[in-house]
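Let chain A serve as the given structure and place chain B with the ligands on it in line with the hints.
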Amino acid sequence: MTAVASSKSSIRTGARSTEAILHATNLRKTYQLGRTKVPVLRGVELSICGGESVAILGASGSGKSTLLHLLGGLDTVDRASGSEPASSIMFRGQDLTRVSVRKLDDYRRRRVGFVFQFYHLLPELTVLQNVTIAAMTAMGTFEYWRKRGQIRSDARELLDRIGLSHRIAHRPAELSGGERQRVAIARALINKPDLLLADEPTGNLDRVTGGSILDLFTRLHKEGQSMVIVTHDETTAARSDRVVRLVDGRVQGG
Amino acid sequence: MYQLLLTKRYLTSKIMPLLAALAVALCTAMVIVVWSVMGGFLVMLINSGRTLSGDVSISWPITGFAHYEELIKRLEANPEIAAAAPVIETYGLIGLPDGRTETVSIKGIDGPSFSRVTGFEDTLYWRPINTPTEKDTTRADLRLGKHDLWKQLFEGGKRLVRTEVSKSDRKPIDRPAVVPGISVSGFNFREPWGFYPGLPFIRTTEGAKKPVDMFMLPVDGTVTLNVLPMDSKGRAIEMVARTFPVANEFHSGLYEIDHKTVFVQLGALQDMLKMNRAETIDRSGPTVVISDDPSKEEFVTPVVVSEAPARVTNVLVRSKRESYDTADADRLAVVVADIYREFAEAHAGKVPEPSSIRILTWVDQNRTMITAVKKETALVLFIFCFVSLTAVFLVLAIFWAMVSEKTRDIGVLRAVGASRSGVAGLWLLYGLAIGLVGSGIGFTLAYLVVTNINGIHEWLGQKLNLYIWDPRVYYFTRIPSQLDPTHVVIVLCGGLLASCLGALWPAARAARMNPVQALRFE
Ligand SMILES: Nc1ncnc2c1ncn2[C@@H]1O[C@H](COP(=O)(O)OP(=O)(O)O)[C@@H](O)[C@H]1O
Ligand SMILES: [Mg+2]
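Protein chains in written order, with the numbering used here: chain A, 1 to 254; chain B, 1 to 522.
With the rest of the complex left out, here is chain A:
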């Protein structure tokens, strides 16, 4: 059933995937710390299939966040050097490592949704605005003006589904951690992304709250949302279709 089978990584079959929506090969990322080079990713191979939920498991500092940022078009891979084959992230026939900046912006706007460990909500905005702002970046002033009713009702519906309809006018500072993370999830979903990228979404929450957030992810997954969840917690990973382990900058299929 797996559409992509890389030579190096062993990819476990996704439960309901038929076709890879994203296919990363030979991802390399090196940080420069003063004079020394710190290679964090040394040739990661990864495919995500439609409707699949993948957990990326790894120790702290193993490069999970780095990988997620690369997949989300937020960061750039190392520039190709002579000997190694070039990195590539294929998404719908386009290599994200080679597209224009505008295309990459557009990719982040419409194709992926990010959820962060520390929620990263904008403190000045209300819950509703925090959700709609992601839709705003995807359109011009005029277009937003025309569609604002639709967008707001979409956002409300989303918040309702996530169980936050009573908090719409509140500021993030007035919400609990779990509630904030729900808002962040709603924000990530407002543009109906093909792929949801979550970086330790429960890392900052207590067990019970984290569990409910994970329940939410499971529900979304059941509704057909493809997602990548980064975690260092085995139980969290266990809920996914597939677990990918990041060790020494490479993927070890679980």
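If you are wondering where the hints come from, they were derived from the structure by calculation, not from laboratory data.
Among the clues, some could well be false.
[Claimed, not checked] Derived DSBU-like pairs (lysine-lysine); straight-line CA-CA distance at most 30 Å:
no. : chain 1 : residue 1 : chain 2 : residue 2
1   : A       : Lys103    : B       : Lys73
2   : A       : Lys192    : B       : Lys8
3   : A       : Lys147    : B       : Lys260
[Said to hold, decoys possible] Chain A stretches covered by chain B per the calculated footprint, using a threshold of three residues with CB under 8 Å from any CB of chain B:
no. : stretch
4   : 81-91
5   : 114-122
6   : 151-158
7   : 215-223
8   : 240-248
Computed from a predicted model, the values in this text were never measured in an experiment.
Using N, Cα and C, we set each Cβ at its ideal position, and we do this for glycine too.
Just chain B with the ligands now, kept in the frame of chain A:
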């Protein structure tokens, strides 16, 4: 779109940027106030300078030129010219009732025609008024009562005469009189509320104060004018002194003029300066025929061999068009020059050559003052604009700090799809918003200050004894002020620009930020 939303939120939730807006406000207000006061000052200067100078002046100083009546006729026949008037300008000494002598500019005028060309009538101070001046809350202004007296003085002032009752036949006679500027005599002390009370005492020659019931120059005073006549070759003849009653006093608002100018009836000054019509007679024959028969004795009527016509030094011309345009004034000067050329041809050899006569517009006549004020305005504005650059740096500093504070938000925005230019746009828009708020407050502030500037000045004077605007230095007795819409628009745009300029660098920094590092930022 998200930029608008965030700008709105940031504006209402942050104090720091409002401080930046306040700085912008203060700077714009400062520049607008300065420009308004200086601009108003210039306009007032020009107006006042013009009040007593007409639009164009034809002049041949000191010795003067003849046949001016005919020149005036020719001028007034022109459709562009409303009126023309003869004037003699000279310098002299004025002896005042308290024994003081001052040098003054003496102007011989014919009241009615001078009023047609200038605003002379409007400058006459002693006249009946019905509404008290702006700040005269107690109605203490002398001119509010005794209307008959003021009416008489006003009428006398217009014609430069004082009507007195003849001692012999008790008939009223008009004596030629002078109209000095309100500050010439030194008897008029301006009240802070803007009018001149009469004097309860008079200083005598010895410097002592002699109390009087109420001394008023136009009522009781006479002054002595000393002038130096010249012959037609410009040689001084002998000082001539003559005592005149005072008909009225004028108040142009220009201290320089009010302090140093005396108007006197044209005929009387011509007389003193020997510029009046004079006949030369043949002195070769006998003047008296003496005969043995007393009935045959007679005076011989002198034979007039030549006639020297009356002269004036200036003819002032007023345009039919009310215009403050320099070009209009220049155009009128050309018309006047043409008329003068024709006139000079008709009197070849008897009047100054068209090439040497001086034809000056009101702009030329007031040039030194006008250019001085213009230069001063430019300099002051430059300095204040320079000072206002602090607003740019303040916005820069505050925005820099805010961009740092909002680093993570910038990362989040990038993560949800905002482009670099979009993020830069957010900060620029924010800068613009700060500029708008600042300029708005600044304009309001400036408007309040400018429209109340005299009140504020008065208040400062009363409470802190701080009189910044000394009429002895600044010509005017009121602080001139008016908001010029063009100036206001320029300054407000400057405020907006300054804010955007200040936001530019922080915006570029925000745009350049690596989103991943921004997100990792704690
Ligand atoms: N901007 C950076 N400069 C240098 N080193 C970095 C930078 N960002 C991350 N690293 C390093 O890269 C490694 C991987 O980090 P990260 O992807 O955040 O790991 P994880 O999310 O798995 O904890 C860590 O050792 C971290 O110190
Ligand atoms: Mg991490």
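Hints, verified against the model:
1. About 84 Å separates the Cα atoms of Lys103 of chain A and Lys73 of chain B, which puts this hinted pair outside 30 Å; it is violated.
2. A threshold of 30 Å between alpha carbons decides the hint, and for Lys192 of chain A with Lys8 of chain B the separation of about 27 Å falls inside it, so the pair holds.
3. In summary, the hint linking Lys147 of chain A to Lys260 of chain B is not supported, as the alpha carbons are separated by about 75 Å, beyond the 30 Å threshold.
4. Interface restraint, the stretch 81-91 of chain A with chain B: violated (0 residues with C-beta to C-beta distance below 8 Å; minimum three).
5. For the stretch 114-122 of chain A, the proposed coverage by chain B is satisfied: 5 residues have a C-beta within less than 8 Å of a C-beta in that chain, meeting the threshold of three.
6. For the stretch 151-158 of chain A, the proposed coverage by chain B is not satisfied: 0 residues have a C-beta within less than 8 Å of a C-beta in that chain, short of the threshold of three.
7. Counting residues of the stretch 215-223 of chain A whose beta-carbon sits less than 8 Å from any beta-carbon of chain B gives 0, not enough to reach three: the coverage restraint is violated.
8. Counting residues of the stretch 240-248 of chain A whose C-beta lies closer than 8 Å to any C-beta of chain B gives 0; at least three are required, and the coverage claim is violated.
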